[in-house]
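> Each chain, letter by letter, is given below.
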Amino acid sequence: MKQFLSVKDATNIDAMIAKGIEYKSNPLKDKNLGAGKRIGLLFMNPSMRTRMSSQIAARNLGMEAFVLNMGTEGWALEFADGAVMNGTTVEHIKDAAPILAGFFDVIALRTFPKLQNRAEDESDVAIKALIKHSGVPVVSLESSTRHPLQSLADLITIKENFKPTATKKRPKVVLTWAPHIKPIPHCVANSFAEWVNAWGEADFVITNPEGYDLSKEYTGKAPVTHNQKEALDGADFVYVKNWSTYGTGGEDYGRILAPHPEWMLMQNSFSSPDTKVMHCLPLRRNVEMSDEVLDSPRSLLTTMGKNRIWSAQAVLSEILKNG
Amino acid sequence: MKQFLSVKDATNIDAMIAKGIEYKSNPLKDKNLGAGKRIGLLFMNPSMRTRMSSQIAARNLGMEAFVLNMGTEGWALEFADGAVMNGTTVEHIKDAAPILAGFFDVIALRTFPKLQNRAEDESDVAIKALIKHSGVPVVSLESSTRHPLQSLADLITIKENFKPTATKKRPKVVLTWAPHIKPIPHCVANSFAEWVNAWGEADFVITNPEGYDLSKEYTGKAPVTHNQKEALDGADFVYVKNWSTYGTGGEDYGRILAPHPEWMLMQNSFSSPDTKVMHCLPLRRNVEMSDEVLDSPRSLLTTMGKNRIWSAQAVLSEILKNG
Amino acid sequence: MKQFLSVKDATNIDAMIAKGIEYKSNPLKDKNLGAGKRIGLLFMNPSMRTRMSSQIAARNLGMEAFVLNMGTEGWALEFADGAVMNGTTVEHIKDAAPILAGFFDVIALRTFPKLQNRAEDESDVAIKALIKHSGVPVVSLESSTRHPLQSLADLITIKENFKPTATKKRPKVVLTWAPHIKPIPHCVANSFAEWVNAWGEADFVITNPEGYDLSKEYTGKAPVTHNQKEALDGADFVYVKNWSTYGTGGEDYGRILAPHPEWMLMQNSFSSPDTKVMHCLPLRRNVEMSDEVLDSPRSLLTTMGKNRIWSAQAVLSEILKNG
Chain A
1 MKQFLSVKDA TNIDAMIAKG IEYKSNPLKD KNLGAGKRIG LLFMNPSMRT RMSSQIAARN
61 LGMEAFVLNM GTEGWALEFA DGAVMNGTTV EHIKDAAPIL AGFFDVIALR TFPKLQNRAE
121 DESDVAIKAL IKHSGVPVVS LESSTRHPLQ SLADLITIKE NFKPTATKKR PKVVLTWAPH
181 IKPIPHCVAN SFAEWVNAWG EADFVITNPE GYDLSKEYTG KAPVTHNQKE ALDGADFVYV
241 KNWSTYGTGG EDYGRILAPH PEWMLMQNSF SSPDTKVMHC LPLRRNVEMS DEVLDSPRSL
301 LTTMGKNRIW SAQAVLSEIL KNG
Chain B
1 MKQFLSVKDA TNIDAMIAKG IEYKSNPLKD KNLGAGKRIG LLFMNPSMRT RMSSQIAARN
61 LGMEAFVLNM GTEGWALEFA DGAVMNGTTV EHIKDAAPIL AGFFDVIALR TFPKLQNRAE
121 DESDVAIKAL IKHSGVPVVS LESSTRHPLQ SLADLITIKE NFKPTATKKR PKVVLTWAPH
181 IKPIPHCVAN SFAEWVNAWG EADFVITNPE GYDLSKEYTG KAPVTHNQKE ALDGADFVYV
241 KNWSTYGTGG EDYGRILAPH PEWMLMQNSF SSPDTKVMHC LPLRRNVEMS DEVLDSPRSL
301 LTTMGKNRIW SAQAVLSEIL KNG
Chain C
1 MKQFLSVKDA TNIDAMIAKG IEYKSNPLKD KNLGAGKRIG LLFMNPSMRT RMSSQIAARN
61 LGMEAFVLNM GTEGWALEFA DGAVMNGTTV EHIKDAAPIL AGFFDVIALR TFPKLQNRAE
121 DESDVAIKAL IKHSGVPVVS LESSTRHPLQ SLADLITIKE NFKPTATKKR PKVVLTWAPH
181 IKPIPHCVAN SFAEWVNAWG EADFVITNPE GYDLSKEYTG KAPVTHNQKE ALDGADFVYV
241 KNWSTYGTGG EDYGRILAPH PEWMLMQNSF SSPDTKVMHC LPLRRNVEMS DEVLDSPRSL
301 LTTMGKNRIW SAQAVLSEIL KNG
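Protein chains in written order, with our numbering: chain A, 1 to 323; chain B, 1 to 323; chain C, 1 to 323.
No lab work stands behind these hints, which were simulated from the structure alone.
A hint or two may mislead.
Treat identical chains as interchangeable: a pair holds within one or across any two.
[Claimed, not checked] Below are the DSS-like pairs computed for lysine-lysine, each with C-alpha atoms no more than 30 angstroms apart in a straight line:
#1 K132 x K24
#2 K306 x K172
#3 K159 x K8
#4 K221 x K29
#5 K216 x K132
Start from the sequences and build out the full structure, keeping to the hints where you can.
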């Protein structure tokens, strides 16, 4: 693996899930794999789980991890080719990336979409420019379109928690929109849809209010319904997540259309006591999901969060072996 | 030791002081005690000595230390049970703490009081919620009520610097209020009083202007006088510290009543040339204490600051051994 | 070497250049030299290359590196002797430095000039106070007057890239002013001039618009011309850098006199195809230098950036050996 930007970079999803589960039971199994190697973790946006789990994963593999908060500790980066830099950006990625590549064997970047312009966000300019100009393996810690380390941890969590039976060989997995108080990126939802689709081991349904349909680029052939109740029926795993509108690419992108409090996940949202809930966190309690659900045995949130170490470690080990 | 939040968690104060002094002479004595263990250092507020000394102490014990600046690098945390999170807080401690407990063997937290509401500050909600929801050993790097790592370093400093004589078997220790330009938390003063009381090896007096009496919860049976001159007479160690009003729990909490420049510590504040001064730092020179005092042999400030490593190391080693 | 603040601290420049080049081919040559030693990296201002390369250099020598962002993570420092600290500074360097010296074997500091008052900036108060009050070896990560780690990397880069011929035994090195959109410190230009002069192995010329002459303290006997074209003629290495006015020490210090777009470096600025360009970065593309030049084989910028590791490592190893 030379880069980890989307599910397309995962040649064998089942093997990566298995690798993550293996590291979970034996974290130091490959403790010398990354000896003498350095990873640079660049953050253009806040991060808690990703920040901590990536460092831990790197250390478990014997790598040294170095953190740089771009923009506060470092310099505001420019990404546009040909920019006349007489504004607020201080350094061009063209100049920074090859030097960072001299410092680090692997570079990881977190950057959020601005939610101002769909085409700009979808171009994923920051991480693509980093890949282009660095020449070393690049790992997404969430880009403006996807959050693949999260999605791999999500699949690890589903794999661990689904017990096939004679009548149910595949889990029913639902991605449901939930309310939020401000416009939120599509990355986690995009990435989850893309990974569940590529994995192919689940019956996958997406539900959201009208006007919030995700792009077919990520959701593929997964059925989309605007009836949450119907979608949740018989679900084994419900992935709860807010996202703003995709729109048609104009002013209707990155918007909130209505509060939709009826989409908040409550105990009575679920028909079965066995339905589990998932959320990548951070989460707005009693806005996206009720305390009652979150504090019940339905919640897989802690497991998911802890699994972030193992998805990062699976990805880094692939890169160290084949990068 | 399962947590380190106040002196109540120290089963044997003399042994902890001795342990700190032992580490000072042999920092790497237990260099493998924490091998394979991780500590997460969470900062909700600024910190220099605590930040650096905790990392060094952890490394001296073979632990890996990971720093997270909450709120800038991570997410603004909510602590209230049942909160409808439609405001500025982004993640609930209930959700964050168990995941951090999956990442770290020990979690340490710094948080300051807001000085808006006495009952709220005294409830120490942040660190107590972290303890409740994480399940791993938690160390206070200063909470909204106390600063126990500082107090242990203070006692180490007193222990090292007091030479008992035939006529003076116990040191006279004075905690004196000093002026400041803005309302300051009570944590250091609370904690120092609590530790000196629990230690029981000093004659302890507290002095502050009228209206600034600390809570009996921390000061216990220590005499409180509003006459600084009288209190300082014959003192061996004078702990200098500003704090705002405690008040009765209403609008009179966290206030400055008057500048009180006459409470600044000067060379002529002391009756004896042997009286030593202490301060936890940071310190407002020529507001709290004069240059003349600070730059004289009276000052134990550098020693105290350096001793922060050994108090942290004594606490972490206890947690590693018995946690 | 007990401190590294300017070229005056480098007893043997050629040996330091050679040491850097040696580390470049064998980074772990002295991997145990700093075992058990700690370096504290204090940042009062942003830094990317310096921040990362210093940590890597320290690790290559077996030292532990600890980063502190002063002012955000720590406390705003006061440097003025006798200050009555009733303003915005929270801690005096007199109090902080000796404690940091108890924490670290070597302390490194980055601080920028304020460009408000020439005499104040030239006094280099922050790093000098750190040296005075810490008593341990201090390394400049850029001070208010100089950036010596950069200059050493610059000389390493020139040394590596100049091939003497029968007719050209010494490189022609030009330092040229280039446009910028805001007032920029003189440190890099000062330091480069000082190092090239002290090195003595180049024919050195400085060119800048009228009104931007640097201080003779740094430029020494190097000819200064206001004719950029003439200066660039036949140059082997052109160091491109903006700086604001030095002035006479009054209101005319730290100013921009005019945009001077004609001073931007373009392909047609150079008479020879072999002339190489240098810049310390960060750089304003198409303001200081054109994309055309930067993306051409003239550019040594990536090499220079990578060489920052080796200059830092050469300096730290000197300090560890002789400090």
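> Against this structure, judge whether each hint is valid.
Each hint tested on the structure:
Proximity of K132 and K24 under a CA criterion of 30 angstroms is satisfied inter-copy only: 25 angstroms between copies versus 33 angstroms inside one chain copy. In the homo-oligomer, the alpha carbons of K306 and K172 lie at most 30 angstroms apart inside one protomer (23 angstroms), although the nearest pairing across protomers, at 51 angstroms, exceeds that limit. Taking the shortest Cα distances, K159 and K8 sit within 30 angstroms of each other inside one copy (20 angstroms), while across copies they are farther apart (45 angstroms). Taking identical chains as interchangeable, the C-alpha atoms of K221 and K29 are never at most 30 angstroms apart, the minima being 38 angstroms within one chain and 56 angstroms between chains.
In this homomeric assembly, K216 and K132 come within 30 angstroms of each other (Cα to Cα) only inside a single copy, at 26 angstroms, whereas the closest approach across copies is 43 angstroms.
When each numbered hint is compared with the structure, a violation occurs for hint 4 only.
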